[in-house]
Amino acid sequence: MRTPSDQPEHVYPDHWEADVVLRDGGTARIRPITTDDAERLVSFYEQVSDESKYYRFFAPYPRLSAKDVHRFTHHDYVDRVGLAATIGGEFIATVRYDRINAQGLPASAPADEAEVAFLVQDAHQGRGVASALLEHIAAVARERGIRRFAAEVLPANNKMIKVFTDAGYTQKRSFEDGAVRLHLDLEPTDRSLAVQRAREQRAEARSVQRLLAPGSVAVIGAGRAPGGVGRTVLRNLLDAGYTGRTYAVNRALPETTTTLDGVPAFRSVADIGEPVDLAVVAVPAERVPEAVADCGEHGVQGLVVLTAGYAEQGAEGRARQRELVRQARSYGMRIIGPNAFGIINTAPDVRLNASLAPHPPARGRIGLFTQSGAIGIALLSGLHRRGAGLSSFISAGNRADVSGNDLLQHWYDDPETDVVLLYLESIGNPRKFTRLARRTAAVKPVVVVKGGRHSGSAPPGHAVPATRIPHTTVSALLRQAGVIRVDTVTELVDAGLLLAGQPLPAGPRVAILGNSESLGLLTYDACLTEGLRPRRPRDLTTAATPQDFRTALTEALRDDTCDAVVVTAIPWVGENGVTESGDGEVLAEALRAAFAEAPAKPVLVVHVEMGALADALAAATSTAPAARRDPAPAPRTPPPPVPELPAAETPPAPAAETPPTPAVGAQEPTARAASVPGAPGGGYRIPAYPAAERAVRALAQAVRYGQWRRQAAEPGRVPELAGIDEAGAAAQIERALAHDVDERGVTLAPDAARELLGRYGIAVRRTLPAPTPDDAVRAAAGLGYPVALKTTAPHLRHRPDLGGVRLDLATEEQLRAAYAELTETLGKPEELQPVVQAMVPRGVDTVVRAAIDPAVGAVLSFGLAGAPSELLGDTAHRLLPATDRDVAEQIRSIRTAPLLFGWRGSAPVDTPALEELLLRVSRLVDDHPEIVTVGLEPVVVAPRGLAVLGATVRLAPPPARTDVGPRRLPSY
15 MRTPSDQPEH VYPDHWEADV VLRDGGTARI RPITTDDAER LVSFYEQVSD ESKYYRFFAP
75 YPRLSAKDVH RFTHHDYVDR VGLAATIGGE FIATVRYDRI NAQGLPASAP ADEAEVAFLV
135 QDAHQGRGVA SALLEHIAAV ARERGIRRFA AEVLPANNKM IKVFTDAGYT QKRSFEDGAV
195 RLHLDLEPTD RSLAVQRARE QRAEARSVQR LLAPGSVAVI GAGRAPGGVG RTVLRNLLDA
255 GYTGRTYAVN RALPETTTTL DGVPAFRSVA DIGEPVDLAV VAVPAERVPE AVADCGEHGV
315 QGLVVLTAGY AEQGAEGRAR QRELVRQARS YGMRIIGPNA FGIINTAPDV RLNASLAPHP
375 PARGRIGLFT QSGAIGIALL SGLHRRGAGL SSFISAGNRA DVSGNDLLQH WYDDPETDVV
435 LLYLESIGNP RKFTRLARRT AAVKPVVVVK GGRHSGSAPP GHAVPATRIP HTTVSALLRQ
495 AGVIRVDTVT ELVDAGLLLA GQPLPAGPRV AILGNSESLG LLTYDACLTE GLRPRRPRDL
555 TTAATPQDFR TALTEALRDD TCDAVVVTAI PWVGENGVTE SGDGEVLAEA LRAAFAEAPA
615 KPVLVVHVEM GALADALAAA TSTAPAARRD PAPAPRTPPP PVPELPAAET PPAPAAETPP
675 TPAVGAQEPT ARAASVPGAP GGGYRIPAYP AAERAVRALA QAVRYGQWRR QAAEPGRVPE
735 LAGIDEAGAA AQIERALAHD VDERGVTLAP DAARELLGRY GIAVRRTLPA PTPDDAVRAA
795 AGLGYPVALK TTAPHLRHRP DLGGVRLDLA TEEQLRAAYA ELTETLGKPE ELQPVVQAMV
855 PRGVDTVVRA AIDPAVGAVL SFGLAGAPSE LLGDTAHRLL PATDRDVAEQ IRSIRTAPLL
915 FGWRGSAPVD TPALEELLLR VSRLVDDHPE IVTVGLEPVV VAPRGLAVLG ATVRLAPPPA
975 RTDVGPRRLP SY
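So the sequence shown is numbered by this note's numbering: it starts at 15 and just counts up by one.
A few of these clues could be false.
Simulated pairs of lysine to any residue, SDA-like, Cα-Cα distance not exceeding 20 Å [as the list claims (entries may be wrong)]:
1) 176 <-> 197
2) 458 <-> 197
3) 176 <-> 195
4) 67 <-> 194
5) 67 <-> 186
6) 67 <-> 126
7) 458 <-> 438
8) 842 <-> 853
9) 81 <-> 131
10) 186 <-> 202
11) 173 <-> 156
12) 173 <-> 204
13) 458 <-> 727
14) 458 <-> 429
15) 173 <-> 237
16) 173 <-> 57
Since the hints were derived computationally from the structure, they do not count as laboratory data.
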């Protein structure tokens with residue numbers, strides 16, 4: 015859009031343009047109204063009912079005059095603003111505000127109130143259009159310095175009154191001159207943000223549901239001859255037993271051809287003459303725009319674009335992809351793809367296989383999303399072999415529109431899905447992904463494997479915002495949000511099988527039993543490696559029968575001292591050295607029987623060369639919703655003073671064992687699962703794994719997730735802190751940025767940084783420059799002996815291993831000697847930049863940092879100071895604002911945490927003081943988004959108290975907060 019020619023002083027605000035998802039799952043575009051919209055406005059008004067016009071103008075108003083059209087299309091984008099919601103380029107709703115003064119007359123800044131009014135076309139009322147427009151016009155108003163909206167509404171106009179009252183803003187309501195007068199404070203509140211996010215979830219979930227459960231599907235590009243992408247999808251739809259109407263579309267069809275594969279065939283969507291909900295597009299890239307237009311003009315709700323040749327092929331393809339998204343959204347359609355593999359919904363009332371997968375998975379409780387067709391094929395095949403079923407499957411290709419975030423919105427309250435598995439190659443909006451994942455993980459497991467972790471760039475075709483935070487940090491933040499992070503596709507399936515088929519463990523105590531002592535020991539070692547607490551393995555000996563397994567498993571499940579059971583099994587060997595037949599089926603039945611009659615605890619099977627057992631455990635697959643028997647949340651307890659190491663019993667010494675003879679013709683090892691008939695909930699399956707390490711790793715993931723779930727049920731709080739001068743800090747920051755000419759920001763001088771931190775109760779020890787020995791002596795006299803002499807040159811800063819620090823200098827003579835030694839050894843004073851600082855009590859040197867990343871938001875980091883911690887990446891991260899529980903866990907989560915708690919007889923340090931410091935830094939950065947980085951190094955934590963010896967603070971204009979702005983779809 016261009017700036018109106020008659021208003022050159024105000025540039026057209028194209029950043030106000032946005033695509034939004036409406037309540038019913040369709041999309042609309044919101045944009046500023048311009049002088050070019052006169053005809054659109056008149057046409058829109060003609061389609062509004064007389065009743066709606068009366069509600070808008072408080073009187074009969076059949077048509078707009080030329081003066082009205084001019085007024086409603088000419089805006090200065092400051093004091094007078096109009097926005098329109100459009101579909102297919104035509105208006106479906108409008109909103110405008112006019113700035114007013116205290117008397118209600120037109121005004122300019124500094125007046126901070128505006129009168130607002132809406133008009134929604136009757137055919138689009140009830141779709142949430144007005145609510146979306148209110149969010150956007152409020153954001154525009156705040157940007158222009160308006161803090162309050164005033165609106166007059168007729169008492170009978172209940173729909174519009176509800177739009178205002180349900181928005182969550184602080185408001186006042188009165189009745190004047192026969193109208194309801196509303197005043198809304200536009201400052202976002204917790205309630206307005208909650209309302210906005212709830213609407214976002216419902217709308218985006220509905221948009222996905224429309225794609226996964228269409229009433230009719232058209233395959234555009236279904237070839238006349240068998241084979242080809244389009245014809246393959248058509249065949250797969252029919253073979254899956256899709257319950258809706260199916261159409262084939264190909265513009266090259268002869269007029270005499272009326273069916274393909276037995277379904278009606280047409281040359282265009284327009285020729286179908288009936289509503290089409292979903293279109294699968296499989297035509298060459300140059301013909302896709304024509305197909306999209308055909309769909310959009312005839313009411314298609316969503317697209318699955320299988321066609322390649324987009325952003326994965328360079329700049330020209332990226333431009334083509336942007337235009338594809340723009341075109342589809344202009345018609346209110348959402349897109350899966352392009353370059354997609356397709357979608358599957360196994361619900362019996364849908365049975366949709368709009369993909370290239372020839373064999374859809376069985377119905378199950380797992381939702382699967384991938385950004386790779388190849389990985390999608392592998393996962394579908396692997397899950398099928400392992401006896402696991404899916405509720406739905408989406409392979410989004412370049413994910414130009416529908417992404418993993420949308421699927422999280424859908425699966426969050428999808429009753430058909432118990433476990434979410436995601437293969438991601440990029441995360442377009444990590445901040446939103448983390449928020450959605452945390453909410454979803456609170457009710458069902460979310461397991462993620464991310465490809466391209468070390469490539470340093472997004473895969474071709476994936477447009478994502480730049481981030482300065484390393485991948486390891488993003489992974490840590492995802493784990494904080496309850497996401498189960500795994501490293502491989504195999505681990506993704508292993509964890510998914512366990513989580514979908516078994517209850518969550520109540521803790522890390524593991525019972526191990528089986529007929530192989532060696533396999534039991536391997537499992538025991540794997541448990542210790544994963545941080546679990548294994549009990550002494552119970553060896554049933556190689557002579558154990560299936561009944562012995564059943565008895566032992568029943569006893570273990572009834573034992574209150576264990577939280578999970580791992581069963582290890584090797585083949586039975588007869589006297590002639592041949593594996594006895596039927597052992598697998600009988601053992602599987604025995605294990606199922608024990609599990610069905612005992613208290614709910616997860617059971618896993620580790621087998622070696624027992625193909626029959628694996629087959630038996632995968633034979634039956636239940637699709638009933640698992641009434642998840644999660645253990646009750648454990649009572650909340652404070653974090654332990656010392657990180658506990660896994661408590662394990664001493665393993666038995668291995669006894670001599672006759673090695674089993676491998677079964678002849680045993681199948682390739684896979685992880686299997688079988689349902690448990692009669693088990694509570696009816697949907698539990700015992701997963702089997704061909705290696706102890708795989709089983710235990712999946713169990714450890716479940717244990718940690720269960721612990722996170724219990725903690726999430728009682729979240730921490732952001733405590734009130736004394737000694738906070740928020741207003742003074744804001745004024746100091748404003749002054750600092752006002753004098754800065756660098757748009758990238760400014761690093762505060764040490765004194766200014768100390769002053770700013772002091773306003774939040776963070777005391778930084780004074781550091782005095784010492785360019786000469788005499789200056790050092792004067793500084794020491796002012797600070798008081800003993801002192802420390804340190805170099806601050808960039809190449810020596812925070813590097814005590816290079817000898818740039820001298821401590822405990824108690825006299826002038828010692829100080830002068832140390833000064834001479836430093837300058838003789840490391841360089842001239844002007845190179846070393848020496849400083850003098852008063853000594854503080856000995857303790858553990860730590861580092862506290864906070865930074866704002868454009869992709870993930872504000873992050874608080876903690877670790878021990880020194881090169882070893884930096885080299886090992888031993889740093890813990892938390893998103894802001896941090897709670898008391900967050901910082902307590904953060905301190906204890908680093909591998910070097912024992913040094914803080916009295917390792918090898920040293921005195922434990924004052925961790926409560928350290929926790930308070932982290933909370934103060936969190937509050938400072940959360941209160942003032944202009945603070946883009948804070949670094950406290952070192953922070954010496956002593957047995958009583960702590961001392962911050964060095965601090966850096968960098969300010970910059972506050973970045974855009976995409977997490978608190980109005981709802982909008984990504985636009986890359």
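The hints, checked one at a time:
The straight-line distance between the Cα atoms of residue 176 and residue 197 is roughly 14 Å, inside the 20 Å bound, and the hint therefore holds. At roughly 41 Å between alpha-carbon atoms, residue 458 and residue 197 are farther apart than 20 Å, so this suggested pair is violated. Of the pairs offered as hints, the one joining residue 176 and residue 195 holds, with about 13 Å between alpha carbons and a cut-off of 20 Å not exceeded. Simply put, residue 67 and residue 194 have alpha-carbon atoms about 17 Å apart, close enough for the 20 Å limit, and the pair holds.
Between the alpha carbons of residue 67 and residue 186 the distance comes to roughly 25 Å, so the proposed pair goes past 20 Å and is violated. Annotation: proposed proximity of residue 67 to residue 126 is violated, straight-line Cα distance about 28 Å (limit 20 Å). Only pairs whose Cα atoms come within 20 Å are accepted, and residue 458 paired with residue 438 is accepted, the gap being roughly 19 Å. At most 20 Å may separate the alpha-carbon atoms for a hinted pair to count; residue 842 and residue 853 exceed this at roughly 24 Å.
With a C-alpha separation of about 18 Å, the suggested pair residue 81 and residue 131 falls inside the 20 Å cut-off, and the hint holds. Distance check on the hinted pair: residue 186 and residue 202 sit about 15 Å apart at the alpha-carbon level, within 20 Å; holds. Only pairs whose Cα atoms come within 20 Å are accepted, and residue 173 paired with residue 156 is rejected, the gap being roughly 25 Å. Proximity of residue 173 to residue 204 is assessed by CA-CA distance (about 23 Å); at most 20 Å being required, the pair is judged violated.
Using a Cα cut-off of 20 Å, the hinted pair residue 458 and residue 727 holds, with the two alpha carbons roughly 13 Å apart. Proximity of residue 458 to residue 429 is assessed by CA-CA distance (about 11 Å); at most 20 Å being required, the pair is judged to hold. Taking the CA atoms of residue 173 and residue 237, the gap is about 49 Å. The hint is violated against a cut of 20 Å. A hinted pair counts as satisfied when its Cα atoms are at most 20 Å apart, and residue 173 with residue 57 does not qualify at roughly 23 Å.
This entry does not satisfy hints 2, 5, 6, 8, 11, 12, 15, 16, going by the numbered hints stated previously.
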